[in-house]
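Here is what each chain is made of, one letter per residue.
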Amino acid sequence: MAEAIETHKLRKVFGDYAAVKGLTLQVKQGEVFGFLGPNGAGKTTSMKMLLGLITPTSGEASLLGKPIGDREAMRRVGFLPEHFRFQEWLTADEFLLLHGQLLGMEKNDLQQRRDELLERVGLTPFRRKQLRTFSKGMLQRVGLAQALLNRPALVFLDEPTSGLDPVGRRLVRDVIREVRTQGSSVFLNSHLLSEIEVTCDRVAFIQHGEVVRVLELASLSSEQTNVTIRVGDLGPETLNGLSQWGREIQRDGEFVHMIITSDTVLPAVTRYLVSQNAEVYSITPNRTSLEDIFIETVGKDGGL
Amino acid sequence: MSPISIIARLTFREAIRRRIMLAGLVMGIAFVILYSIGTHFIFGQIAKDAVANLPSQMAADIMMAESTNTFMMMGLYAAAFLSIAMAALLGADTLAGEINSGTIQTIATKPIRRADVVLGKWLGFAELLGLYVLLLCGGIVLSTFIQAGRIPQNLLTGLGLIYMESILIMTITLMLSAAFPALATGGVVFGLYGLAFIGGWVEQIGAIFQNDTAIKVGIITSLIIPSESLWRRAAFEMQTPLMGTFDSPFTTTSVPSPLMMGYALLYLIVVLFIAVRIFQSRDL
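Here the protein sequences come in this chain order: E and L. Counted the way the numbering used here counts, the first sequence spans residues 8 to 311. Counted the way the numbering used here counts, the second sequence spans residues 1331 to 1614.
Don't read these hints as lab results, they were simulated from the structure. From the three backbone atoms N, C-alpha and C, an ideal C-beta is built for every residue, glycine too. Be aware that a few hints might be false.
Stated by the list, open to error - DEER-style ranges, computed between Cβ atoms:
id : chain 1 : residue 1 : chain 2 : residue 2 : range
1  : L       : Ile1528   : E       : Ala25     : 45 to 53 Å
2  : L       : Ala1445   : E       : Gly129    : 20 to 28 Å
3  : L       : Gly1432   : E       : Gln36     : 22 to 30 Å
4  : E       : Lys136    : L       : Ser1587   : 24 to 32 Å
5  : E       : Gln33     : L       : Gly1524   : 54 to 62 Å
6  : E       : Thr140    : L       : Gly1432   : 17 to 25 Å
7  : L       : Arg1607   : E       : Glu223    : 28 to 36 Å
To be verified - If you want the footprint, here are the derived chain E segments under chain L, 3+ residues with CB under 8 Å:
id : segment
8  : 69-82
9  : 275-284
Claimed, not checked - Some chain E residues flagged as far from chain L (calculated, every beta-carbon gap over 10 Å):
id : residue
10 : Glu89
11 : Leu109
12 : Arg127
13 : Gln137
14 : Thr140
15 : Glu223
16 : Leu246
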């Protein structure tokens, strides 16, 4: 099966400024792919090139095995743009019908799908209201429904949680999981690292319009874990003894920080401390956060 | 339903929901009512004067026929101008506004051609303008018929040409809107309209004084933008034969040829084609 997205040295130059220098990446079928980078790194431009809104200056790309802009491929693609704007004089019902018609959906299927999605995003009571009366969060929800009408094999979401309250953010996260469960791919552009961290299978870091790093997020938790232990009555010998399970052991008052390679050693660490008569108040494993990696990758100046 | 007709319906619905059509309708009806009230008194006065001052009933009839037609042409001239203004208003913000706001993004990423978007909008506006021209010009003609019992000759050809004039302006606006922001588009369209208007006058006056250079200037202007020549042909079609010998902006002395009408049609098609090409090639 073809990759959901495949690009090779995709490049876009505006005047004498290269917004995207050379984007090469693959997104597999059924994976949730995060696209991360500082402001102005070329994320939105890249997404627009993939969607055929912007013509690349050079390079190649394909969606679902078809060259970008192919209408057959676009029939199976969903898209929620950033700062989603719409035909605000339409009601939610009419808006979804319009987009379904443009997708070439069959009438009965479209009506059924529309009702289903309005229910899913919690807008059924507002379906006959004009979009101009909607709050930012409600618009984002109806936009999300629009992106899912055609049961897309590939969904592009550009900052989908911007303007959403915590309930709305949870909804987006759940919907992304559902889409993946159905075997579809999601291309997620977000600067909310915590969102990316909980929803994505892989992330690409983009800087100056180039992919600088691709990371499996599943590996993030297993590779290394920071552990913080709050403990009283800890002698230097006991502290040194911890080195058999981890490294970079540091003491900071009643807190001890160390790095372990796997969560599985934690019970042994606990037994050891108790056996040494140390007073253990808490042991907290902290995964290396995506934010740490982000800053490590793009630099503290955000690549400016 | 084809993508073009989906977009056309959306465009039509937008004009209704955003009350553009309502505003046009109210103003149009007010315009027709005002025309009717004005002409009601004027026609009555002329009829009295003509019977009192002219030597025969025949002369009075000719006087009535000519003056009714003159006032009707004045009304139609104003109606044509209002239709052009409507055409420019409808078209100026459409593509430019949607590109600017990003509304176009969810439309253009659907499995449709970009040409469908432009052609659909064009079709939607053409339908709206059809109704508008029919309301305004139809109102004037009907009012004149009810009051004076006269119908201009070549009515359908005349109204068709006025309609085509508004379509031409709308198409030019749509093309500019694909490339420039709304305000710049509106400015350029009214500038072009002004150019055509002045050019038309130069040609008319040139014809009166039989100055070939002035006529040529007018023709060249018509080649740059043939909107005014469509009006002048429409006026020529509908005016009484005697009227053609008088000079006013509402009558026609220098008649644009059928060749110029063919040119205007070709011009319209080319502009629409360019609008599609601009929209196809630009980044959204």
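Tested hints:
1. L:Ile1528 with E:Ala25: 45 to 53 Å: holds, 47 Å
2. L:Ala1445 with E:Gly129: 20 to 28 Å: Roughly 37 Å apart at Cβ, these two residues miss the hinted range, so it is violated.
3. L:Gly1432 with E:Gln36: 22 to 30 Å: With a Cβ separation near 29 Å, Gly1432 (chain L) and Gln36 (chain E) satisfy 22 to 30 Å, so the hint holds.
4. E:Lys136 with L:Ser1587: 24 to 32 Å: violated, 56 Å
5. E:Gln33 with L:Gly1524: 54 to 62 Å: holds, 57 Å
6. E:Thr140 with L:Gly1432: 17 to 25 Å: Since Thr140 (chain E) and Gly1432 (chain L) have Cβ atoms about 20 Å apart, the given range 17 to 25 Å holds.
7. L:Arg1607 with E:Glu223: 28 to 36 Å: violated, 45 Å
8. 69-82: It holds: at least three residues are needed, and the segment 69-82 of chain E offers 4 whose Cβ sits within less than 8 Å of chain L.
9. 275-284: violated (count 0)
10. Glu89: At roughly 8 Å from the nearest Cβ of chain L, Glu89 (chain E) sits no farther out than 10 Å, so the non-interface label is violated.
11. Leu109: Leu109 (chain E) is in fact no farther than 10 Å from some Cβ atom of chain L, at 4 Å.
12. Arg127: Answer for Arg127 (chain E): holds, closest chain L Cβ roughly 19 Å.
13. Gln137: The claim breaks: Gln137 (chain E) does not keep its Cβ more than 10 Å from every Cβ of chain L (closest is about 8 Å).
14. Thr140: holds, 13 Å
15. Glu223: holds, 29 Å
16. Leu246: Fine: 58 Å to the nearest Cβ keeps Leu246 (chain E) off the interface.
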